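Here is what each chain is made of, one letter per residue.
2 protein chains.
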Amino acid sequence: MKWTTEEIMKMDKFKRINIINSITGIKPANLIGTRSRSGATNLAIFTSVFHMGSKPPFIGMLFRPDKDVRRHTLENIRETRQYTINHVNDQIIEQSHYTSAKFDAGVSEFEGCGFKEEYIEGFSAPFVQESKIKIGLTLEEEIPISLNDTIIVVGQIEHIIIEGNCLMENGYIDLENSQSVGVSGLNSYYSLNKKKDLPYARVEEMPDFKAR
Amino acid sequence: MKWTTEEIMKMDKFKRINIINSITGIKPANLIGTRSRSGATNLAIFTSVFHMGSKPPFIGMLFRPDKDVRRHTLENIRETRQYTINHVNDQIIEQSHYTSAKFDAGVSEFEGCGFKEEYIEGFSAPFVQESKIKIGLTLEEEIPISLNDTIIVVGQIEHIIIEGNCLMENGYIDLENSQSVGVSGLNSYYSLNKKKDLPYARVEEMPDFKAR
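These protein sequences, in sequence, are chains E and R.
At position 157 of the first sequence (counting the first as 1) the number is 247 in our numbering, and the numbers step up by one without a gap.
At position 77 of the second sequence (counting the first as 1) the number is 167 in our numbering, and the numbers step up by one without a gap.
Please note: incorrect hints may appear among the correct ones.
Note that the list lumps identical chains together, so a pair holds whenever it fits in one copy or between two copies.
Simulated pairs of lysine to aspartate or glutamate, EDC-like, Cα-Cα distance not exceeding 16 Å [as the list claims (entries may be wrong)]:
1) Lys284 to Glu266
2) Lys284 to Glu253
3) Lys286 to Glu220
4) Lys206 to Glu232
5) Lys300 to Glu201
6) Lys92 to Glu294
7) Lys284 to Asp264
8) Lys206 to Glu230
9) Lys285 to Glu266
10) Lys300 to Glu220
11) Lys285 to Glu165
12) Lys300 to Glu207
13) Lys103 to Glu208
14) Lys103 to Glu295
15) Lys100 to Glu169
16) Lys284 to Asp194
17) Lys145 to Asp298
18) Lys285 to Glu97
19) Lys105 to Asp180
20) Lys92 to Glu253
21) Lys286 to Glu165
22) Lys92 to Glu169
23) Lys103 to Glu232
24) Lys286 to Asp264
25) Lys192 to Glu207
Just so you know, these hints were derived from the structure itself, not from any lab.
All values derive from a computational prediction rather than experimental measurement.
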């Protein structure tokens, strides 16, 4: 099937949003933990976290426009400049998904969705105890995208917590052992199965693909 | 295991890069197809493609600094303002990986890695015939990130091509049927297995997680 943008924009609204939301491929499922200045914790699932650089170690995250709805995660990051990124794994998919429900003011998603808060000394944002891969970050910069009023929040990694068998000798995280999951669109969760570790790509060591 | 950034920065260079590169979780594997003004095609694997918005339909992509090395993909996008994003699937993992090798000038990665070019009338950038999910985009804006000299290229979707059984009734792409793959770091490829489709999250319809 082929469509032009014009044809896509004429589709049923939800179908259109679902196609556009899932067309880029798999997205990482992460829980963002924050705390307001007054001490209230917040936890929210995001699929917009992306690697931005290794030196310094920067991670980016896209936020939707904050015009109409209150964005507690973004407000808390602005207030305290600290936040955590925690991988969603196989065992906590449903709990994680429901952090996106609209809880009453004063109810933390940690409590509402059955997660335990975990802390590192000298760092105020809450980690998710049930997660096996966790990152603590400080806000480095907000980049407003005028094109569509989204905001890219760039954070610098301050702390990394990795559970036992998830880190390989060479520094790679084994996403099968960490049981980390991916998301397509907003609602479809996928488990990850390692297929292949390939070497750094050199022309001299390349298989002959032309012969296929 | 817990590390602070200070401890991470003291690690062996490659181990450090691998940890930072894989810590955000799964990334989508996509082939970017471009053509120079003089007609030479180029194909390169990227894991930095991300959803930016549905209306208008924008897709972002992070490019590393273009100081030292020539970035043919970015040069071609600047010249022609057109490019394609093509999902890597199970059958073309190795071919796709080797598009990152340094080919001699004048050798297209389409040829070198055994891919067939596919075209849509009125659109100059090449699609990858072997891919099941393909997007044709026009350059909307380049956003320079001064923090670390990376560049975010924002494209607007112009064409979408989806093979037979990959699109669900509601508009979701079934990444298991499309056999799309994910990447951890630079070299580890993962296949995707659908675990769960969850409904839009409403507090009233939520399971009782506290009782666990």
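How the hints compare with the structure:
1. When the C-alpha separation of Lys284 and Glu266 is checked against a cutoff of 16 Å, the pair qualifies both within a copy, at 6 Å, and between copies, at 14 Å.
2. For a Cα distance limit of 16 Å, the shortest separation of Lys284 from Glu253 qualifies neither inside one copy, at 18 Å, nor across copies, at 24 Å.
3. For the identical chains of this complex, Lys286 and Glu220 are neighbours neither inside a copy (28 Å) nor across copies (19 Å), given an alpha-carbon limit of 16 Å.
4. Proximity of Lys206 and Glu232 under a CA criterion of 16 Å is satisfied in neither setting, with 29 Å inside one chain copy and 41 Å between copies.
5. In the homo-oligomer, the alpha carbons of Lys300 and Glu201 lie at most 16 Å apart only across protomers (7 Å), although the nearest pairing inside one protomer, at 57 Å, exceeds that limit.
6. Taking CA atoms no more than 16 Å apart as the test, Lys92 paired with Glu294 passes in neither setting, with 38 Å inside one copy and 39 Å between copies.
7. With identical chains, the CA atoms of Lys284 and Asp264 are at most 16 Å apart within one copy only, with a shortest distance of 8 Å there and 19 Å across copies.
8. For a Cα distance limit of 16 Å, the shortest separation of Lys206 from Glu230 qualifies neither inside one copy, at 27 Å, nor across copies, at 43 Å.
9. Proximity of Lys285 to Glu266 under the C-alpha cut-off of 16 Å is found in both arrangements, the shortest distances being 10 Å within a copy and 14 Å between copies.
10. For a Cα distance limit of 16 Å, the shortest separation of Lys300 from Glu220 across copies, 14 Å, qualifies, whereas the shortest one inside one copy, 47 Å, does not.
11. In the homo-oligomer, the alpha carbons of Lys285 and Glu165 never lie at most 16 Å apart, since the shortest distance is 40 Å inside one protomer and 33 Å across protomers.
12. Taking the closest pair of Cα atoms, Lys300 and Glu207 come within 16 Å of each other only across two copies (14 Å); inside a single copy the shortest separation is 54 Å, beyond that limit.
13. Neither within a single protomer nor between protomers do Lys103 and Glu208 lie at most 16 Å apart by alpha-carbon distance, with minima of 40 Å and 30 Å respectively.
14. In this homomeric assembly, Lys103 and Glu295 never come within 16 Å of each other (Cα to Cα): the closest approach is 48 Å inside a single copy and 24 Å across copies.
15. Taking identical chains as interchangeable, the C-alpha atoms of Lys100 and Glu169 are never at most 16 Å apart, the minima being 41 Å within one chain and 31 Å between chains.
16. Neither within a single protomer nor between protomers do Lys284 and Asp194 lie at most 16 Å apart by alpha-carbon distance, with minima of 40 Å and 32 Å respectively.
17. Taking the shortest Cα distances, Lys145 and Asp298 never come within 16 Å of each other, neither inside one copy (35 Å) nor across copies (43 Å).
18. When the C-alpha separation of Lys285 and Glu97 is checked against a cutoff of 16 Å, the pair qualifies neither within a copy, at 36 Å, nor between copies, at 31 Å.
19. Taking CA atoms no more than 16 Å apart as the test, Lys105 paired with Asp180 passes in neither setting, with 27 Å inside one copy and 26 Å between copies.
20. Proximity of Lys92 and Glu253 under a CA criterion of 16 Å is satisfied inter-copy only: 9 Å between copies versus 44 Å inside one chain copy.
21. Within a single copy, Lys286 and Glu165 get their C-alpha atoms no closer than 41 Å, and across copies no closer than 31 Å, so neither meets the 16 Å cut-off.
22. In this assembly of identical chains, the alpha carbons of Lys92 and Glu169 never lie at most 16 Å apart, being 46 Å within a copy and 26 Å across copies at closest.
23. In this assembly of identical chains, the alpha carbons of Lys103 and Glu232 never lie at most 16 Å apart, being 30 Å within a copy and 28 Å across copies at closest.
24. Taking identical chains as interchangeable, the C-alpha atoms of Lys286 and Asp264 lie at most 16 Å apart only when both belong to the same chain, with a minimum of 12 Å there against 22 Å between chains.
25. When the C-alpha separation of Lys192 and Glu207 is checked against a cutoff of 16 Å, the pair qualifies neither within a copy, at 20 Å, nor between copies, at 47 Å.
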